[in-house]
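With these hints in hand, go ahead and build the complete structure from the sequences.
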Amino acid sequence: MEWLKEYGWIIVILLLVGILMNVYKDLKRIDHKKYLDNKPKLPPHRDCNDKWDDDDDWPQKK
Numbered sequence: 000m001e002w003l004k005e006y007g008w009i010i011v012i013l014l015l016v017g018i019l020m021n022v023y024k025d026l027k028r029i030d031h032k033k034y035l036d037n038k039p040k041l042p043p044h045r046d047c048n049d050k051w052d053d054d055d056d057w058p059q060k061k
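With numbering that gives the first Met the number 0 applied, the sequence shown covers 0 to 61.
Possibly wrong hints are sitting among the right ones.
[As the list claims (entries may be wrong)] Restraint ranges, calculated between C-beta atoms of paired labels, are given here:
hint	residue 1	residue 2	range
1	34	60	31 to 39 Å
2	38	17	31 to 39 Å
3	1	37	53 to 61 Å
In short, the hints are calculated from the structure, not lab data. None of the values given here were measured: they were computed from a predicted structure. Positions of the beta carbon are idealized from the N, C-alpha and C atoms, including for glycine.
In structure tokens, the structure reads:
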């Protein structure tokens, strides 16, 4: 178990390399041109900030 204390960082580096390789393979599999051709339309933007203006938390001056 002494070797695990000394060389544990190598295991971490190997795990990170494996994770990065899988991410790279998955990203290469994505076809961005096909997605852009079939991209769904976005709904119009609704601004909900006008509702916040109706709430008045300040005390009323008399």
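Right, here's what the structure says about each hint:
At roughly 56 Å, the beta carbons of residue 34 and residue 60 sit outside the given window of 31 to 39 Å. A hinted range of 31 to 39 Å holds for the C-beta pair residue 38 and residue 17, which are about 33 Å apart. The beta-carbon spacing between residue 1 and residue 37, approximately 57 Å, falls within the hinted interval of 53 to 61 Å.
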